[in-house]
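Engineer: These are the residues of each chain, in order.
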Amino acid sequence: KAGVTQTPRYLIKTRGQQVTLSCSPISGHRSVSWYQQTPGQGLQFLFEYFSETQRNKGNFPGRFSGRQFSNSRSEMNVSTLELGDSALYLCASSIGTGQETQYFGPGTRLLVL
Amino acid sequence: QQQVKQSPQSLIVQKGGISIINCAYENTAFDYFPWYQQFPGKGPALLIAIRPDVSEKKEGRFTISFNKSAKQFSLHIMDSQPGDSATYFCAASLLSGDKIIFGKGTRLHILP
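If you read the protein sequences in the order shown, they are chains A and B. Going from the first sequence to this note's numbering is simple: count from 1 and add 9. Going from the second sequence to this note's numbering is simple: count from 1 and add 19.
Chain B extracted, bound-state conformation (with noise of 0.2 Å):
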């Protein structure tokens, strides 16, 4: 199986707060876990990315936790901002350089 499923569909989150996006995979040859941010009117952008060799990896105020016996992944967006307001997109593919599966997108609103 291809599908990368991701919850919930949209978020909205107060400022300051902590805003979680979760995804699961099925196939477990799957080797590189992008994030990728979407502002209206530009192409999605590289965030922060893991492979299923570590269980965390931080940068700044994001965090991708990753379960590989479960295969799911999540990211945390800590102290959350209005300019985080974007669309997420997770996804999954073989480092190998297969063809890239993406979740469906998330879109974060933060209230300031």
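Next up, chain A with everything else stripped away, as it sits in the complex (with noise of 0.2 Å):
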């Protein structure tokens, strides 16, 4: 079975552009959860969509908005990016809506300058 894929694996923007990350959970899984990943900061969720719809949001700014398709596939979506959103996306995908055993994707890493 093919494990969580993450699409672009590295992206480079400038400060005020708009940007979308995808995410293809594991077949048959139908929760996805988002992550920002920094040195300072660690690991911190962004949100989890369950069956088209958003579950659970962390404390990021309006900025920051994902959705999720009918095949479970997942986008992420950041606009007028800033400095600071430079960080390794990471998406994680389980069964159910639960967080037992969540599988991680390799991650995007965005740089913005």
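Keep in mind the hints are simulated off the structure, nothing from the lab. Just so you know, even glycine gets a beta-carbon here, dropped at the ideal spot from N, CA and C. Please note: incorrect hints may appear among the correct ones.
Below, a list of computed lysine to any residue pairs in the SDA-like style, where the Cα atoms sit at most 20 Å apart [what the hints assert, rightly or not]:
(1) Lys24/B to Gly67/A
(2) Lys123/B to Phe69/A
(3) Lys66/A to Lys87/B
So the derived label-pair ranges between C-beta atoms look like this [claimed, not checked]:
(4) Pro70/A to Gly102/B: 35 to 41 Å
(5) Leu122/A to Pro59/B: 20 to 26 Å
(6) Asn46/B to Pro70/A: 19 to 25 Å
(7) Lys22/A to Arg80/B: 41 to 47 Å
(8) Thr47/B to Pro70/A: 28 to 34 Å
(9) Pro17/A to Lys34/B: 33 to 39 Å
(10) Asn86/B to Thr89/A: 41 to 47 Å
(11) His95/B to Ala11/A: 30 to 36 Å
(12) Gly102/B to Pro115/A: 16 to 22 Å
(13) Thr89/A to Pro71/B: 38 to 44 Å
(14) His95/B to Lys66/A: 31 to 37 Å
(15) Thr23/A to Val73/B: 46 to 52 Å
Make one complex out of these two single chains by using the hints.
Structural biologist: Structure (structure tokens):
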């Protein structure tokens, strides 16, 4: 069974631009969560989607948004990029809505110049 | 409070030694405490997890010790090997599905 895949793996953007990241969960998994990982703040929860509905949201500004499609694939969008948005963005999938056994993808490394 | 405090930030252990990483939480409602292992260039992977109804869980060389009254839990890696060199994250959440809170990570280096 293929693992969680994320595209693109690396991305360079400039301030003010917007970016869309994609995540394909493990087949059969219906829950997708997004995290931001930085050296200073560690892993921070962004949001969780289950059956195309956002179930939980972390403490991030409205510039960060996401959605989930009927095939469970998910996208995350960041608008009006800031230098501080440079981070590794991780997607994790799980079978259900609980936090037990989340499987992480390799992440998308975003650099904002 | 939603914080999970993890220490130490970095740790160097001789091969064959015991690596110990500690975490403390504040929200007594948390009922699921996983540990994740992350290698460079990879996403975190679930290593071992515990629920508060047990005080210890062991899987191979990895053991979680849980102290509910102190609101602390720790990861012990016995007979540490160079292949264990990675960043380790503790976390806490509600099994019902609330957002998961991660510690800031411990970078472990095992000397050959």
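Engineer: At the C-beta level, are His95/B and Lys66/A separated by a distance inside 31 to 37 Å?
Structural biologist: 35 Å, holds
Engineer: Pro17/A and Lys34/B, beta-carbon distance inside 33 to 39 Å?
Structural biologist: 38 Å, holds
Engineer: Can you confirm whether the C-alpha distance between Lys24/B and Gly67/A stays at or below 20 Å?
Structural biologist: 18 Å, holds
Engineer: Is it true that Thr47/B and Pro70/A lie within 28 to 34 Å of each other by Cβ?
Structural biologist: 30 Å, holds
Engineer: Taking the CB of Thr23/A and the CB of Val73/B, does the distance hold inside 46 to 52 Å?
Structural biologist: Cβ of Thr23/A to Cβ of Val73/B: about 51 Å, so the range 46 to 52 Å holds.
Engineer: Sort out whether Phe69/A lies within 20 Å of Lys123/B, counting only the CA atoms.
Structural biologist: 17 Å, holds
Engineer: With 35 to 41 Å as the target window, see if Pro70/A and Gly102/B comply at their CB atoms.
Structural biologist: The hint (35 to 41 Å, Cβ to Cβ) holds, given that Pro70/A and Gly102/B are roughly 40 Å apart.
Engineer: The hint says 30 to 36 Å between His95/B and Ala11/A; measuring C-beta to C-beta, is that right?
Structural biologist: 33 Å, holds
Engineer: Range hint 38 to 44 Å: satisfied by the CB atoms of Thr89/A and Pro71/B?
Structural biologist: The hinted range 38 to 44 Å holds for Thr89/A and Pro71/B, with Cβ atoms some 42 Å apart.
Engineer: Given a hinted range of 41 to 47 Å, is it respected by the beta-carbon distance of Lys22/A and Arg80/B?
Structural biologist: For Lys22/A and Arg80/B the Cβ distance comes to about 42 Å; the hint holds.
Engineer: Check the hint pairing Lys66/A with Lys87/B against an upper bound of 20 Å on the C-alpha distance.
Structural biologist: The given pair, whose Cα atoms are some 27 Å apart, is violated under the 20 Å limit.
Engineer: Quick check: does the Cβ-Cβ distance between Asn46/B and Pro70/A fall within 19 to 25 Å?
Structural biologist: Because 24 Å falls inside the window, the suggested range holds.
The structure is inconsistent with hint 3 alone, although it conforms to all the rest.
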